[in-house]
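K.L.:
Could you slot chain B onto chain A? The hints should help.
Line by line, the protein sequences give chains A and B. For the first sequence, numbering that gives the first Met the number 0 begins at 0 and goes up steadily by one. For the second sequence, numbering that gives the first Met the number 0 begins at 0 and goes up steadily by one.
Since the hints were derived computationally from the structure, they do not count as laboratory data. Heads up, the beta-carbon is just placed ideally off N, CA and C, and yes, glycines get one too. Any given hint could turn out to be false.
To be clear about the criterion: a stretch of chain B counts as covered by chain A if any three or more of its residues have a C-beta under 8 Å from a C-beta of chain A, and this derived list gives those stretches [claimed, not checked]:
{"hint": "1", "stretch": "67-81"}
{"hint": "2", "stretch": "103-111"}
Cβ pair distances, simulated, as ranges [said to hold, decoys possible]:
{"hint": "3", "chain 1": "B", "residue 1": "Ala237", "chain 2": "A", "residue 2": "Thr360", "range": "33 to 41 Å"}
{"hint": "4", "chain 1": "B", "residue 1": "Asp135", "chain 2": "A", "residue 2": "Pro107", "range": "43 to 51 Å"}
{"hint": "5", "chain 1": "B", "residue 1": "Asp135", "chain 2": "A", "residue 2": "Gly154", "range": "33 to 41 Å"}
Some chain A residues close to chain B (C-beta under 7 Å, calculated; not the full set) [claimed, not checked]:
{"hint": "6", "residue": "Arg235"}
{"hint": "7", "residue": "Asp367"}
{"hint": "8", "residue": "Phe370"}
{"hint": "9", "residue": "Arg373"}
{"hint": "10", "residue": "Ser374"}
{"hint": "11", "residue": "Ile377"}
{"hint": "12", "residue": "Ser378"}
{"hint": "13", "residue": "Ala380"}
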Amino acid sequence: MTALMQTGVGGFLSRFEQLREHLPGDPGQRIAAADAFRRAGLPGATSGRREEAWKYTSLRPVADAEFQQSLASFAGDSALLPRLPRFDAPRIVFVDGEYRPELSALPPAVNFSRFADHAVFGTLARPDSEPLVALNTMLAEDGATLTVAEGIDAGLLLLVSLATDVAAFHPRHAIHLAAGSRLTLLELSLGDGTYLHNPVVEVHVAEDAALTHVRLQNESPAAFHLSTLYAEIAERGTYDSFALNVGARIARTEVHARLVGAKGIAHLNGAQLLGGMQHADFTTVVKHIAPSCTSRQTVKNVLAGHAKGVFQGRIEVARAAQKTDGYQMNQTLLLSPDAEIDTKPELEIFADDVKCSHGATVGELDPDQLFYLRSRGISDAEARSILYAPSSQRRWMRSRTKRSAKYWRARWRTGGRGRSHERHDPSCPA
Amino acid sequence: MLEIRGLSAAIEDKPILQGIDLTVPQGEVHAIMGPNGSGKSTLAYVLSGREDYVVTGGSVMFDGRDLLAMAPEERAAAGVFLAFQYPVELPGVGNANFLRTALNALRRSRGEGELDAVQFLKMARAETRRLAMPDDMLRRNVNVGFSGGEKKRNEVLQMAILRPRLAILDETDSGLDIDALKIVADGVNALRGPEFSALIITHYQRLLDHIVPDRVHVLSDGRIIRSGGPELAHELEAKGYADMVAEAV
Numbered sequence: 000m001t002a003l004m005q006t007g008v009g010g011f012l013s014r015f016e017q018l019r020e021h022l023p024g025d026p027g028q029r030i031a032a033a034d035a036f037r038r039a040g041l042p043g044a045t046s047g048r049r050e051e052a053w054k055y056t057s058l059r060p061v062a063d064a065e066f067q068q069s070l071a072s073f074a075g076d077s078a079l080l081p082r083l084p085r086f087d088a089p090r091i092v093f094v095d096g097e098y099r100p101e102l103s104a105l106p107p108a109v110n111f112s113r114f115a116d117h118a119v120f121g122t123l124a125r126p127d128s129e130p131l132v133a134l135n136t137m138l139a140e141d142g143a144t145l146t147v148a149e150g151i152d153a154g155l156l157l158l159v160s161l162a163t164d165v166a167a168f169h170p171r172h173a174i175h176l177a178a179g180s181r182l183t184l185l186e187l188s189l190g191d192g193t194y195l196h197n198p199v200v201e202v203h204v205a206e207d208a209a210l211t212h213v214r215l216q217n218e219s220p221a222a223f224h225l226s227t228l229y230a231e232i233a234e235r236g237t238y239d240s241f242a243l244n245v246g247a248r249i250a251r252t253e254v255h256a257r258l259v260g261a262k263g264i265a266h267l268n269g270a271q272l273l274g275g276m277q278h279a280d281f282t283t284v285v286k287h288i289a290p291s292c293t294s295r296q297t298v299k300n301v302l303a304g305h306a307k308g309v310f311q312g313r314i315e316v317a318r319a320a321q322k323t324d325g326y327q328m329n330q331t332l333l334l335s336p337d338a339e340i341d342t343k344p345e346l347e348i349f350a351d352d353v354k355c356s357h358g359a360t361v362g363e364l365d366p367d368q369l370f371y372l373r374s375r376g377i378s379d380a381e382a383r384s385i386l387y388a389p390s391s392q393r394r395w396m397r398s399r400t401k402r403s404a405k406y407w408r409a410r411w412r413t414g415g416r417g418r419s420h421e422r423h424d425p426s427c428p429a
Numbered sequence: 000m001l002e003i004r005g006l007s008a009a010i011e012d013k014p015i016l017q018g019i020d021l022t023v024p025q026g027e028v029h030a031i032m033g034p035n036g037s038g039k040s041t042l043a044y045v046l047s048g049r050e051d052y053v054v055t056g057g058s059v060m061f062d063g064r065d066l067l068a069m070a071p072e073e074r075a076a077a078g079v080f081l082a083f084q085y086p087v088e089l090p091g092v093g094n095a096n097f098l099r100t101a102l103n104a105l106r107r108s109r110g111e112g113e114l115d116a117v118q119f120l121k122m123a124r125a126e127t128r129r130l131a132m133p134d135d136m137l138r139r140n141v142n143v144g145f146s147g148g149e150k151k152r153n154e155v156l157q158m159a160i161l162r163p164r165l166a167i168l169d170e171t172d173s174g175l176d177i178d179a180l181k182i183v184a185d186g187v188n189a190l191r192g193p194e195f196s197a198l199i200i201t202h203y204q205r206l207l208d209h210i211v212p213d214r215v216h217v218l219s220d221g222r223i224i225r226s227g228g229p230e231l232a233h234e235l236e237a238k239g240y241a242d243m244v245a246e247a248v
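Okay, chain A solo, but in the shape it has when bound (with noise of 0.2 Å):
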């Protein structure tokens, strides 16, 4: 077993030293993308420099964590593995960021192979201006290139990360879903300990093809989970997202969806229910390039004790893209006076003919409906999960595929871990 690195930049800097002659794929980009992360540093952590895109983030914790840098070994009774959902779906498990073949059960009608065998970075993420996509660049080891062929439905399939302490991994998946074709990916992440996951994936529809993309973030409450995602969309594709983030210590959702066909949709919403002193920041970026294209984004925080969320939404509306339709809403209930949301929607637009919305809205639970719970009964901490729970429960009930509906239910009840207060039962209306 290695010993304990050098934390912060430095550390990942000479883990790529350590590793650089058995990395796949073109070394050329792993060294520009060290160059670039070198120079950017982990936002907050270098000194005087604050980004904009990073204002409300800072990854010091991160700097400051030691990590084991080698892939950890993973006992086959590990705690980790009851926690998947039971199911009968395809599935691709990766531990500490590496494909386990004895834990996956490949999907018929979606061609896969590993990064680690066939690496390619492909054409949309920018090393160059973020750094985490710099250091995802210069680390990645392994991932999952998944592609559905033209006209395939391929149902569903799940990818899942489980982690454990220490482990510091950064996963390059890409999804590419052909012409007329369709995928319901269910994305999990879980994990043990202070561990940190920096996935970066690239996704790719083609025309007249549609992703429904899910993603239940449940990692440790200790571990730090970075996610950068860039999605392409041809002309009538749909990229449908729903990203429920519950677990971590410091999160960040980064998504830029590009619309570059026309009638092209994108989806990318979300709920956060954090408590204690998570920290999850939700950033997106929509381009609006090609006409007629609609883009939907509702964004919830549920927040609790301590927690901060953070929500940074823009649409571009290039000057070709006529007739388009953007609405976005971020929408926070604070649960505690200790609680935070920093909300920032933005809207730029150089087309003239185009139909555009945003919004954000902070709320407290009123207390003549907690009083009102109250005085029937019902105890103060299951008074205020019932009136939280409809809305957020509403949104992932809105999701196409049952199956994940129904593991998010069960996550729920059971109950995030971190968190500060209780859950309701089950009988909670919905």
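P.N.:
For chain B alone, kept in the frame of chain A given last:
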């Protein structure tokens, strides 16, 4: 069973209750009447534990326990029920689930088993029919889109299902037509018995024709200025509050 001694309470430093003494023995129904602003609703809220009222003096004992030291849900578990003057809407919360959650919370606190959905619905449907309420009231969200009368009837339905030992009805009769008033009164009368007490807060004597109280108290300026039998309500109706307040001074 309910003993209020020298109770004073304020909201935002404004004194509302200024030394109330009132005893409601077990099995009795008492009415509290009084003009607007006399403190009737404040008394109801203080008894049920609303946090924005500050108790500045006195004590309230319920079955020998210090009611004021208990959280609202503990008071409910002890058997206190407030029928709200303005029932609260709970969008997204179904009435049946709400009622079952409340009933099961009370049952748990009494060490009784919980009712499952089937057992509960059977019982709840029987109560809705008895109160001449449409069945779909259970399916709708709590008080959302209910008319004023429906909201009040929903309070009585909750009371019928939760079976309190002390019901406080805060102007449950206001805004009701004659038929609805009769239904509400029947709901209360059905619960009357040696284990049930009630404090009925009202402006008008009308409701007291249907729920005949054991005692009537007149509240003015945060104090009880007169108490008497049911005939006091009729006297009030004839004289008006102003005369009675003037007499009492």
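K.L.:
Look at each hint and say if it fits the structure.
P.N.:
We went through each hint and held it up to the structure:
Counting residues of the stretch 67-81 of chain B whose beta carbon lies closer than 8 Å to any beta carbon of chain A gives 8, which reaches the threshold of three, so the coverage claim holds. Residues of the stretch 103-111 of chain B lying with their CB closer than 8 Å to a CB of chain A number 4, which satisfies the three-residue condition for coverage. As the Cβ distance of Ala237(B) to Thr360(A) is approximately 53 Å, the hint placing it in 33 to 41 Å is violated. Restraint check, Asp135(B) to Pro107(A): a C-beta distance of roughly 47 Å satisfies the suggested window 43 to 51 Å.
Distance hint check for Asp135(B) and Gly154(A): the Cβ-Cβ separation is about 39 Å, which falls inside the suggested range of 33 to 41 Å. Violation of the interface hint for Arg235(A) is found here, the shortest Cβ-Cβ separation to chain B being roughly 34 Å, above the 7 Å cut-off. A hinted interface residue such as Asp367(A) counts as satisfied when its beta carbon comes closer than 7 Å to some beta carbon of chain B; here the least separation is about 5 Å, so the hint holds. With a least beta-carbon distance of about 6 Å to chain B, the hint placing Phe370(A) at the interface is held under the 7 Å criterion.
A least Cβ separation of about 4 Å between Arg373(A) and chain B falls short of the 7 Å threshold, and the interface hint therefore holds. The beta carbon of Ser374(A) is positioned within 7 Å of a beta carbon in chain B (closest approach about 5 Å), and the interface hint is therefore held. With a least beta-carbon distance of about 5 Å to chain B, the hint placing Ile377(A) at the interface is held under the 7 Å criterion. The beta carbon of Ser378(A) is positioned within 7 Å of a beta carbon in chain B (closest approach about 5 Å), and the interface hint is therefore held.
Given the 7 Å rule on beta carbons, the hint for Ala380(A) is violated: about 10 Å separates it from the nearest Cβ of chain B.
Hint check: violations occur at hints 3, 6 and 13; the rest are consistent with the structure.
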